[in-house]
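Asker: Each chain, letter by letter, is given below.
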Amino acid sequence: MAAEAVLEATTVRLRPLAEHDLPLLVRWSNDPDVRHWLHRSESPPATLELAWALVEEMRRDPRTLAWCIDAGGRTIGDVRLLKIDTAHRRAELGIAIGEKDCWGRGFGTDAIRRVLRHAFGELGLRRVWLITDADNARGIRCYEKCGFVPEALLRGHRLRYGRPLDMLAMGVLREEFADG
Amino acid sequence: MISEIILQGKRVRLRPVEELDLPLFVLWFNDPEVRYWLSMSDGPEFTLESEQEWYDEMRADPWCLVWCIETEDGQPIGNLGLHGIEETHGRATLGIAIGKKDFWGRGYGTEAIRQVLRYAFGEMGLRRVALGADEDNTRGIRCYEKCGFVREGLLRAYRLRRGEPVNGVVMAALREDWERGARGGRDGR
Numbered sequence: 001m002a003a004e005a006v007l008e009a010t011t012v013r014l015r016p017l018a019e020h021d022l023p024l025l026v027r028w029s030n031d032p033d034v035r036h037w038l039h040r041s042e043s044p045p046a047t048l049e050l051a052w053a054l055v056e057e058m059r060r061d062p063r064t065l066a067w068c069i070d071a072g073g074r075t076i077g078d079v080r081l082l083k084i085d086t087a088h089r090r091a092e093l094g095i096a097i098g099e100k101d102c103w104g105r106g107f108g109t110d111a112i113r114r115v116l117r118h119a120f121g122e123l124g125l126r127r128v129w130l131i132t133d134a135d136n137a138r139g140i141r142c143y144e145k146c147g148f149v150p151e152a153l154l155r156g157h158r159l160r161y162g163r164p165l166d167m168l169a170m171g172v173l174r175e176e177f178a179d180g
Numbered sequence: 001m002i003s004e005i006i007l008q009g010k011r012v013r014l015r016p017v018e019e020l021d022l023p024l025f026v027l028w029f030n031d032p033e034v035r036y037w038l039s040m041s042d043g044p045e046f047t048l049e050s051e052q053e054w055y056d057e058m059r060a061d062p063w064c065l066v067w068c069i070e071t072e073d074g075q076p077i078g079n080l081g082l083h084g085i086e087e088t089h090g091r092a093t094l095g096i097a098i099g100k101k102d103f104w105g106r107g108y109g110t111e112a113i114r115q116v117l118r119y120a121f122g123e124m125g126l127r128r129v130a131l132g133a134d135e136d137n138t139r140g141i142r143c144y145e146k147c148g149f150v151r152e153g154l155l156r157a158y159r160l161r162r163g164e165p166v167n168g169v170v171m172a173a174l175r176e177d178w179e180r181g182a183r184g185g186r187d188g189r
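So the sequence lines, in the order shown, correspond to chains F and H.
Residue 180, in this note's numbering, is where the first sequence stops; the numbers in between run on with no holes.
Residue 189, in this note's numbering, is where the second sequence stops; the numbers in between run on with no holes.
Certain hints may be false.
[What the hints assert, rightly or not] Okay, the calculated bits of chain H under chain F, using three or more residues with CB under 8 Å as the criterion:
no. : stretch
1   : 14 to 25
2   : 104 to 113
3   : 137 to 146
4   : 154 to 162
[Said to hold, decoys possible] Derived Cβ-Cβ restraints for the label pairs, each shown as a range:
no. : chain 1 : residue 1 : chain 2 : residue 2 : range
5   : F       : Ala-87    : H       : Glu-19    : 19 to 29 Å
6   : H       : Glu-19    : F       : Glu-19    : 36 to 46 Å
7   : F       : Glu-56    : H       : Gly-84    : 40 to 50 Å
8   : H       : Thr-47    : F       : Thr-47    : 40 to 50 Å
9   : H       : Thr-138   : F       : Glu-144   : 29 to 39 Å
Hint data in this document are derived by calculation from the structure and do not stem from the laboratory.
We put the beta carbon where it would ideally sit given N, CA and C, even for glycine.
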């Protein structure tokens, strides 16, 4: 299910993913510097068809919410809540800033904080977690700023260029999340 | 998918789940002591309809494989599955439940898991099998350790059990460790 709510944050605005975003998603995930950090690094290059199928799948899945991140009048990335589990009141977060000149400028932090506020508020979740490449220092710093705490080191959880790579699981609980 | 493969151990046999097993699953998983450790512990009662739904889902899901665990004399005692199978990254998640309580703590689960690991790391070519367990499930965790699973961390309040948050231990077995163990010729391999 594409996210219906538009979420305003300080420097970014989160809005539902639309069909016209597809070429952008394809360009990002085929950029080697972006792809390096994505699970998709092992998959064939993205195409419009593949991206469309992915977006359709997310729309059909009631456990997924996806937003595009707009900043300074353009779209710079996307953020998602996945595997939203209403019984255990938890979800997984995924984010990618596809425009590299926007890396390290706090847009991701702003977007994540806004999504967490939505998750712990309107959605009534108790726990949001994520997994990230253990060598993704910039990402981990950003997640820590948002309140995520390292919880587990998953040995060889994925392959990058054919080699096993450790991933870090991080979680944030509602009672720990101080917005702003 | 429902596995078509039969895995034969010394005391256990893993065979395809059949529709005929479903009434037994309903019985097992509604037992409060069994249910307590299941991720669905807080959900509605299991019924034949809900188990049929589960069975149809499993059959249709190409990223999972489930088996029924039987004793040597053909008595079903539980089930076991590999879920979220990611061939690209060579990993899967393991789930097991021994539904017949009088078979708890007698090594049946351990042997069943060892059979599945051999299959996962061998024929399937996986590199990593992970699982999550309630932090206070000491019997389960001991069994997983015997099978070669190593604790990787603790997910805080990862689920609700009887309405209360419970921490989850993440454990994983890696093919390279398992192969070293197998060469050492441990029991049940």
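Asker: Evaluate each hint against the coordinates.
Answerer: Verification of the supplied hints:
1. A count of 0 residues in the stretch 14 to 25 of chain H with a Cβ less than 8 Å from any Cβ of chain F is obtained; the coverage claim is therefore unmet, three being the minimum.
2. Only residues whose beta carbon comes within less than 8 Å of a beta carbon in chain F count, and the stretch 104 to 113 of chain H has 0; fewer than three means the coverage is violated.
3. Counting residues of the stretch 137 to 146 of chain H whose beta carbon lies closer than 8 Å to any beta carbon of chain F gives 0, which falls short of the minimum of three for the stated coverage.
4. Requiring three or more residues with a Cβ within less than 8 Å of a Cβ of chain F, the coverage given for the stretch 154 to 162 of chain H holds, as 7 such residues are present.
5. For the pair F/Ala-87 and H/Glu-19, the beta carbons lie near 26 Å from each other, so the given range of 19 to 29 Å is met.
6. The supplied range of 36 to 46 Å is met by H/Glu-19 and F/Glu-19, whose beta-carbon atoms lie about 42 Å from each other.
7. Here the CB-CB span from F/Glu-56 to H/Gly-84 is close to 21 Å, at odds with the stated 40 to 50 Å.
8. Between H/Thr-47 and F/Thr-47 the Cβ separation comes to about 44 Å, which falls inside the hinted range of 40 to 50 Å.
9. The hint said 29 to 39 Å for the Cβ distance between H/Thr-138 and F/Glu-144, and at roughly 32 Å that hint holds.
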